[in-house]
Amino acid sequence: MINGVGREIPESIAGIKNIKPYINPFSYVPTGHLTGPAIKVNKPRSEKVLSSIEQAIDASGLKDGMTISFHHHFRNGDYVLNMVMGVIARKGIKDLTLAPSSLNTINEEIIPYMNQGVITAVETSGARGKLGQLLTSGQLSKPTIIRSHGGRARAIECGELHIDVAFIGAPACDTYGNINGVEGKSVCGSMGYAMVDAAYADKVVAITDHLVPYPLFPISIPQTQVDYIVPVEAIGDPKGIASGALRISKDPRELLIAQYATAAIEYSGYFKQDYSIQLGSGGASLAAARFLKEKMKKQGITASFGLGGVTAPFIEMLEEGLIKAVYDVQDFDIPSIESIKKNRNHQEMSASFYANPHNGGPIVNQLDVVILSATEVDVNFNVNVITDSNGVIMGAVGGHQDTAAGAALSIVVAPLLRGRLPMVIDQVHTVCTPGETVDIVVTERGVAVNPLRSDLKDNLKAANIPLMDIEELRNIAYEFAGKPDPIEVSERIAAVVEYRDGTLIDVIRTTV
Amino acid sequence: MLQIIQPSQAGTVESNDILIILTPVSADKGIHVELTSPVLKKYGRQINNVIQEVLREQGIDAVHVSANDRGALDCTIRARMMTAIDRAAAKEVLG
Amino acid sequence: MKLRRTMMFVPGNNPGMLINAGIYGADTIIFDLEDSVALSEKDAARHLVYNAMKSINYPCEVAVRINHISTPFGYKDLETILAVKPDLIRLPKAETAADIKEIDELITAAEIKHGFLPGSINMMAAIETAKGIRNAYDIAAASPRMVALAIGGEDYLADIQTSRTKDGKEFFAGRGQLILAAKEAGIHAIDTVFGDVNNEEDFIAETTRIKEMGFDGKSVVNPRQINIVHEIYTPTEKEIDHAQRVIAAYEESLARKSGVVSLNGKMIDIPVVKRAQRTLAYANAVGKYKGGETL
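Heads up: the protein sequence lines correspond to chains A, B and C, in order.
With my numbering, you'll find the first sequence wraps up at 550, consecutive numbering, no jumps.
With my numbering, you'll find the second sequence wraps up at 103, consecutive numbering, no jumps.
With my numbering, you'll find the third sequence wraps up at 451, consecutive numbering, no jumps.
Any given hint could be a false lead.
No farther apart than 30 angstroms at their CA atoms in a straight line, the calculated lysine-lysine pairs in the DSS-like style are these [said to hold, decoys possible]:
hint: 1; chain 1: B; residue 1: K49; chain 2: A; residue 2: K180
hint: 2; chain 1: A; residue 1: K331; chain 2: C; residue 2: K210
hint: 3; chain 1: A; residue 1: K129; chain 2: A; residue 2: K101
hint: 4; chain 1: B; residue 1: K49; chain 2: C; residue 2: K394
Just so you know, these hints were derived from the structure itself, not from any lab.
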């Protein structure tokens with residue numbers, strides 16, 4: 039079948055159930071009811087705290103063929119996933135589906151378990167480095183399922199991704215299972231991605247290096263969802279979990295892109311009192327935060343809310359009163375973590391509240407402006423953020439699909455050339471976000487507006503930025519770099535990319 | 009026609025650059041290009057073409073070229089090749 | 157009106173910077189073969205700038221700073237670079253009119269050899285010594301190709317045995333004389349670089365000062381400095397408005413065939429009219445004013 043972004047999706051793919059091709063962003067209408075976790079019971083004065091991960095695995099009833107989950111708030115400082123997988127492997131459990139909210143380079147340690155058949159399927163937002171290479175190699179018995187953050191929350195809540203045991207790294211946990219991310223030595227701030235796992239997994243195991251007497255407050259994940267608690271020495275390396283304040287770039291090219299993006303926002307028609315915004319953590323995105331701040335001050339405009347993926351420049355705007363409230367699914371740096379702990383206007387939210395397309399309404403639907411990054415964009419505005427120039431998985435979909443679909447104005451920023459690689463090309467290797475949901479592409483050499491948005495094009499004429507057709511951007515890129523040769527791929531499907539609604543937007547084939 | 013009479017090197021391994029190392033070989037060995045690049049799949053063929061083209065323009069038909077590419081554009085590859093050839097063909101390397 | 161508010165140096169042996177040099181909106185980019193290039197890489201930079209200029213279409217004036225012809229590199233620089241027709245050759249450490257005349261002849265020969273329009277390649281000179289300052293007018297007037305004089309920074313200060321101060325006392329003498337020489341010769345006067353890229357406050361103060369002195373622009377070392385200079389050089393709406401009213405009064409006096417121009421009851425001298433015309437032409441050139449309307 040050819041799907042709505044022109045990609046060939048096979049009628050059947052071994053290991054993937056219920057294939058529905060992507061048609062357009064809101065065409066698929068789900069029916070039926072949400073799923074739920076196994077019913078739990080906990081009698082008075084019974085003990086949830088166990089002495090080892092092994093005990094918790096035994097107690098959870100984990101068996102061959104089950105699905106386990108983790109959350110990626112600890113990023114490259116995460117010890118939990120590797121630690122738990124080590125114990126599972128030693129116990130000889132096999133054929134598991136690993137379904138973390140995402141994978142980081144530090145998780146490369148689990149590659150041997152993939153080779154040994156402990157893990158035979160992966161469902162994730164993305165992967166990098168050697169893990170990305172392995173997932174692209176087609177070595178696992180089932181294709182990897184790539185989902186956005188909203189798509190994952192949806193899949194869990196509707197039962198497409200059923201989690202048998204969720205392992206939750208808990209920066210602070212009391213003896214009855216109340217968890218937050220703002221106390222202890224391994225703070226990560228928001229627990230947004232783990233909230234969905236805790237609410238829907240049959241068994242929930244909290245792993246903590248900061249076990250406190252009952253009761254812990256504030257509560258991010260409640261005792262009602264947690265079955266077992268295991269205290270360990272360390273759940274993460276604070277240096278890898280959060281950086282110091284993310285700084286504004288001094289790279290002149292990133293600053294130029296940010297300047298164009300800011301001008302695009304200013305003249306878009308959406309830059310007015312009580313607008314709302316999400317910015318990424320990339321260089322140009324952070325720099326745009328600085329320029330936007332100046333414009334907001336100059337014009338006396340404040341934002342009703344900011345959304346993210348939260349970083350220090352955002353927190354500065356919150357503290358200066360330029361943003362009324364921040365909704366937070368994940369924190370990237372220490373100032374953000376400190377803010378969510380102390381600022382009442384800094385609200386923690388779950389991945390479902392953030393971005394799930396199949397609930398009563400995620401906050402992305404209320405978003406005016408989002409700035410997003412891209413690895414490649416094609417002349418139809420389709421965006422790839424998952425595969426690199428060799429066709430290998432090296433990124434994550436994250437909230438890309440969700441915010442692009444939800445926001446009134448989605449802006450993709452990226453340098454037109456990275457080294458020799460053109461960013462705007464004829465056809466992206468992998469479609470992650472459909473062009474229909476991408477409004478403006480901003481590069482250092484030109485800004486292209488999606489022809490579907492002629493209203494925007496008119497508005498931007500006054501912005502004094504180099505507007506051009508997307509084909510012209512591609513031509514400039516090709517003039518510098520030459521037209522890239524296509525990446526040769528095999529028939530074998532290593533991964534499928536779900537759109538946020540569960541339809542298939544693309545497949546990733548192994549390269550030859 | 010130029011002859012490669014001594015080993016030479018030009019360029020760097022900074023991003024956007026390419027490090028070219030030329031080594032003289034006997035006339036019957038012909039041209040051999042050894043290319044490493046992060047963009048090999050998409051641009052390896054084109055990088056190779058540029059290197060061969062510069063050698064042809066300079067009338068060089070025997071040399072070993074080691075090219076460590078870091079995302080250089082054609083104009084950079086040409087410049088580094090020309091510099092390396094100058095340096096390899098000169099009796100001594102002057103500025 | 158040809159603007160040279162910003163002349164941005166780009167190190168000649170850095171491929172990444174050469175490729176992106178045109179995107180930041182500088183009025184002129186100067187590919188540097190001189191001080192930013194190590195002695196052992198002079199040949200490499202020459203080839204790189206040559207090939208970049210040959211293949212990339214830059215949207216602004218392109219200058220090349222060659223090594224002085226008294227070094228082992230100067231003639232070779234000219235031979236290579238003139239083949240790709242730079243808009244402008246910048247000679248560093250200019251001290252005599254003879255330097256300029258010699259290069260002028262080399263450019264003339266290259267224009268004939270490569271079939272370029274005669275006189276199409278311009279020149280400018282950077283003055284970096286006391287001797288050069290003394291000869292500044294002769295240098296400026298040495299060739300019809302000359303379009304600008306620039307004052308050099310550290311070399312100049314070393315030569316007159318002083319160092320940088322916050323308010324620029326060290327440049328009083330040099331800037332003053334250079335301005336006069338350039339204006340007498342009818343060419344641009346370009347100020348020296350300000351190296352402390354992160355010190356925006358002092359950069360703004362210095363740029364404002366040299367603009368008021370009469371400099372036509374400033375050499376910059378970082379793209380981040382470009383917008384700051386351009387903003388300082390952009391006429392304010394108040395200035396444009398005033399200029400428009402002066403011109404209107406002038407035109408009205410012409411219509412009345414009266415030799416007296418007056419605005420709001422005050423007499424206006426002809427130099428004021430000339431300045432107003434220049435303000436509007438400048439505003440037009442920087443895109444702030446079109447056909448009687450402030451943008």
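Okay, the hints, checked on the actual structure:
| no. | hint | verdict |
| --- | --- | --- |
| 1 | K49/B with K180/A | holds, 26 angstroms |
| 2 | K331/A with K210/C | violated, 41 angstroms |
| 3 | K129/A with K101/A | holds, 10 angstroms |
| 4 | K49/B with K394/C | violated, 58 angstroms |
In this structure, the earlier hints numbered 2, 4 are contradicted, and the remaining ones agree with it.
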